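Given the coordinates of chain U, assemble chain E onto it according to the supplied hints.
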Amino acid sequence: MDLLNAFITLANFVIVPAIAYGSQLALGALGVTLIYGILRFSNFAHGDTMAFGTMITILITWLFQSWGLSLGVFPTALLALPFGIAGCALFVLMTDRAVYRFYRVQKAKPVILVIVSMGVMFIMNGVVRFIIGPDDHAFGDGERFIISARTFREMTGLQEGLAIRTSTGITVITAIIVVAILFWFLNKTRTGKSMRAYSDNEDLALLSGINPERVVMVTWIIVAALATVAGTLYGLDKSFKAFTYFQLLLPIFASAIVGGLGSPVGAIAGGFIIAFSEVLVTYAWKKVLVYALPDGIGPDGLAQLLSTDYKFAVSFLILLIVLLFRPTGLFKGKSV
Amino acid sequence: MNEMVKNTGLFALVAVLIVITGISQSWNTALLILNMGLISAIMALGVNLQWGFAGLFNVGVMGFVALGGLATVLIATPPTQGAWGAGGYAIVLGLIMGAATITAAVLVYQRMAKGRLRVFTMLAILIVGFYLFRAVFDSGVSTVEAINPASAGNIGGLGLPILLAWPVGGLLAAGVAWIIGKVALGLRSDYLAIATLGIAEIIIAVLKNEDWLARGVKNVIGLPRPVPFEVDLQRDPQFVERAAGFGMDPVTASTIYVKLEYAALFAVVLIILLWLAQKALNSPWGRMMRAIRDNEVAAEAMGKDVTRRHLQIFILGSAICGVAGAMMTTLDGQLTPGTYQPLRFTFLVWVMVIVGGSGNNFGAVLGGFLIWFLWVQVEPMGLWLMSTITSGMGDGALRSHLMDSAAHMRLFTMGLILLLVLRFSPRGLIPEK
Numbered sequence: 001m002d003l004l005n006a007f008i009t010l011a012n013f014v015i016v017p018a019i020a021y022g023s024q025l026a027l028g029a030l031g032v033t034l035i036y037g038i039l040r041f042s043n044f045a046h047g048d049t050m051a052f053g054t055m056i057t058i059l060i061t062w063l064f065q066s067w068g069l070s071l072g073v074f075p076t077a078l079l080a081l082p083f084g085i086a087g088c089a090l091f092v093l094m095t096d097r098a099v100y101r102f103y104r105v106q107k108a109k110p111v112i113l114v115i116v117s118m119g120v121m122f123i124m125n126g127v128v129r130f131i132i133g134p135d136d137h138a139f140g141d142g143e144r145f146i147i148s149a150r151t152f153r154e155m156t157g158l159q160e161g162l163a164i165r166t167s168t169g170i171t172v173i174t175a176i177i178v179v180a181i182l183f184w185f186l187n188k189t190r191t192g193k194s195m196r197a198y199s200d201n202e203d204l205a206l207l208s209g210i211n212p213e214r215v216v217m218v219t220w221i222i223v224a225a226l227a228t229v230a231g232t233l234y235g236l237d238k239s240f241k242a243f244t245y246f247q248l249l250l251p252i253f254a255s256a257i258v259g260g261l262g263s264p265v266g267a268i269a270g271g272f273i274i275a276f277s278e279v280l281v282t283y284a285w286k287k288v289l290v291y292a293l294p295d296g297i298g299p300d301g302l303a304q305l306l307s308t309d310y311k312f313a314v315s316f317l318i319l320l321i322v323l324l325f326r327p328t329g330l331f332k333g334k335s336v
Numbered sequence: 337m338n339e340m341v342k343n344t345g346l347f348a349l350v351a352v353l354i355v356i357t358g359i360s361q362s363w364n365t366a367l368l369i370l371n372m373g374l375i376s377a378i379m380a381l382g383v384n385l386q387w388g389f390a391g392l393f394n395v396g397v398m399g400f401v402a403l404g405g406l407a408t409v410l411i412a413t414p415p416t417q418g419a420w421g422a423g424g425y426a427i428v429l430g431l432i433m434g435a436a437t438i439t440a441a442v443l444v445y446q447r448m449a450k451g452r453l454r455v456f457t458m459l460a461i462l463i464v465g466f467y468l469f470r471a472v473f474d475s476g477v478s479t480v481e482a483i484n485p486a487s488a489g490n491i492g493g494l495g496l497p498i499l500l501a502w503p504v505g506g507l508l509a510a511g512v513a514w515i516i517g518k519v520a521l522g523l524r525s526d527y528l529a530i531a532t533l534g535i536a537e538i539i540i541a542v543l544k545n546e547d548w549l550a551r552g553v554k555n556v557i558g559l560p561r562p563v564p565f566e567v568d569l570q571r572d573p574q575f576v577e578r579a580a581g582f583g584m585d586p587v588t589a590s591t592i593y594v595k596l597e598y599a600a601l602f603a604v605v606l607i608i609l610l611w612l613a614q615k616a617l618n619s620p621w622g623r624m625m626r627a628i629r630d631n632e633v634a635a636e637a638m639g640k641d642v643t644r645r646h647l648q649i650f651i652l653g654s655a656i657c658g659v660a661g662a663m664m665t666t667l668d669g670q671l672t673p674g675t676y677q678p679l680r681f682t683f684l685v686w687v688m689v690i691v692g693g694s695g696n697n698f699g700a701v702l703g704g705f706l707i708w709f710l711w712v713q714v715e716p717m718g719l720w721l722m723s724t725i726t727s728g729m730g731d732g733a734l735r736s737h738l739m740d741s742a743a744h745m746r747l748f749t750m751g752l753i754l755l756l757v758l759r760f761s762p763r764g765l766i767p768e769k
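Chains U and E, in that order, are what the protein sequence lines are. Its first residue numbered 1, the first sequence is counted upward by one per residue in the working numbering. Its first residue numbered 337, the second sequence is counted upward by one per residue in the working numbering.
Chain U on its own, in the form it takes in the complex:
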């Protein structure tokens, strides 16, 4: 029995990766939930918005790398991130002007907007594949580890190592900063307050002189920023592939719904719930159990509840459970 090693193994393979993945999902889900709260539809193009922003970031990163520009131990992508956000915001604002505004003025039913977002999804998907292709791209550079498993073992003298990758650290820190800024913005600034007012009651907000077009514009810019940051962090952590980003739609929506659509706090909680359950259920517990249990009664098999190929099934099951028992989500979302 060796509880310390058991805990280190758990931290290395479950807790650290799940925190990183959870932060990425939370940022994605925040974007979905903001659009839902303010524009009142489920944006199916969100995964592809993430892919688009990340693509711009990657292109700028490559440009910087060719100039020899770098951030030393940090990935160059961080330097390119503001440009990615700007590019994504521009594109998203263009789609709003060209596509969504028409239906907003018409006061079309939300489900029509969802179908419209499906069209936008096709176009963004096409554009991304057109520019950068459907292949995998790894674009992280700089130092790979904050602490590598080996250094950790040498430092502590334990059998198991705890590796913390730079991308994980950057993901968590960036996510905290972005979320802090977002909440400050929503709660303290005039624009943020008008956004919340618009989300709560559109007619009342209009009566009190809030300019809806401005609220919508600011929302799209914030959503583009969140999507680009989430996409870039995911890409740094894993790798960039257009189709993977499209598939992220399911866990992201699951996070937003589990937390309660329209509730920013809910989106963050939902992101971590989904991430932790995906990793916990698909992790092979054998090593941890061998350490944690007294000698001789460790499991024979891998002690894996579900194979990793079913990670989508996990987010889906949690979604079903929440839909069955608490249809508005854990943090009371809205229900249009």
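FYI, nobody ran anything at the bench for these hints, they're computed from the structure. Source: prediction; values computed, not measured. Even for Gly, the Cβ is constructed at its ideal location relative to N, Cα and C. One or more of the hints may lead you astray.
Dumping the calculated DMTMM-like pairs for lysine to aspartate or glutamate here, alpha-carbon to alpha-carbon at most 25 Å [claimed, not checked]:
| # | chain 1 | residue 1 | chain 2 | residue 2 |
| --- | --- | --- | --- | --- |
| 1 | U | Lys241 | U | Asp141 |
| 2 | U | Lys107 | E | Glu768 |
| 3 | U | Lys109 | E | Asp630 |
| 4 | U | Lys109 | E | Asp641 |
Chain E stretches covered by chain U per the calculated footprint, using a threshold of three residues with CB under 8 Å from any CB of chain U [said to hold, decoys possible]:
| # | region |
| --- | --- |
| 5 | 538-547 |
| 6 | 678-686 |
| 7 | 755-761 |
Just some of the chain E residues that point at chain U, by a computed CB distance under 8 Å [what the hints assert, rightly or not]:
| # | residue |
| --- | --- |
| 8 | Val519 |
| 9 | Ser525 |
| 10 | Asp526 |
| 11 | Tyr527 |
| 12 | Ala529 |
| 13 | Leu533 |
| 14 | Gly534 |
| 15 | Ile690 |
| 16 | His744 |
| 17 | Phe748 |
| 18 | Gly751 |
Only chain E this time, still in chain U's reference frame:
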């Protein structure tokens, strides 16, 4: 009358497009477009039933189509020697135990009084049930998968005629639709969308990973066919003679003959379903559905059970998608779970329905043919366009990149068509009456 002329004209236009393909490219290409167009039209009918009649937003078409494909394997392939004896029954028993566990948990939830005891009982049943299920199920799976894994490794099918797989595919899809509908219908419309999106991904994941079922990503090839094989036709002196009578060489003649037989089979299914859908649309039931779609509150006040009616039509529509999926796998002659892509199998069908005209069965059928034609032909058109545009550039890296990327134009084009139709003709080419 005027409307009739316009609609006939639209169908004639699609027919002309396919004939032009036959003349300018090859009749084999044209017939392949026709066959897949027939299948697409059936899928579009299914989605139209859900969206056009009842306003249900199903984005899990891919899953139901894949279930239809699974049905062909389970019905038509010969059973694997010894698989049932080795572990097939254990697998079935395991699945039954899994279902029993969930039923027990649901019963406990419904019958017991609210409180902590109920939660603990449910959890205990689920946890114990899960481990029992895994124990029985896994042992069955490993023995079945160990049988000749290079060519089999699955429980195989029943060895029945493949045409029987078509209705069975519909039944499988209906069963899954019932489960999803029970959970997600009656809640907000977006929830059904997300739930169907999720179940489609899960069905594909199951098909890819459960090797005992349909060999997973190892694919099942050489499915039985309802039509003769080309090679056999070419060996048949009578057929060769008849082909010579038409002035065709036997190889081309046999491929075209086989495709025509498929087309006839598919057309029969399409006509039956279209007739049924038209009957349904114009029956009291169809009017009730549209009334529910247009005003749920009023329909509920009139004593209609909205959720039940939604469940009913959701199951029917999904079953039609399942039939179409079985037909498609029959046409391909193989089940390849890796090729199921949501953009191709879910969202493209949606483009068909919206462009054709939601709420109108003929519109959905037209959309199925037209969009499928474009989906196939946009790629060569894009390549041609791109090579024309870039012809002045010389052979640089940019040109080769643009040429490589031209293939992705079809996604862009489909999105553009969808948005343009939604904006300028939201009721589609053949609007609902």
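Hints and how they fare:
| no. | hint | result |
| --- | --- | --- |
| 1 | U:Lys241 / U:Asp141 | holds, 17 Å |
| 2 | U:Lys107 / E:Glu768 | holds, 21 Å |
| 3 | U:Lys109 / E:Asp630 | holds, 12 Å |
| 4 | U:Lys109 / E:Asp641 | holds, 23 Å |
| 5 | 538-547 | holds (count 4) |
| 6 | 678-686 | holds (count 4) |
| 7 | 755-761 | holds (count 3) |
| 8 | Val519 | holds, 6 Å |
| 9 | Ser525 | holds, 5 Å |
| 10 | Asp526 | holds, 4 Å |
| 11 | Tyr527 | holds, 6 Å |
| 12 | Ala529 | holds, 7 Å |
| 13 | Leu533 | holds, 6 Å |
| 14 | Gly534 | holds, 4 Å |
| 15 | Ile690 | holds, 7 Å |
| 16 | His744 | holds, 4 Å |
| 17 | Phe748 | holds, 3 Å |
| 18 | Gly751 | holds, 3 Å |
Against the hints set out earlier in the document, no violation occurs for any number.
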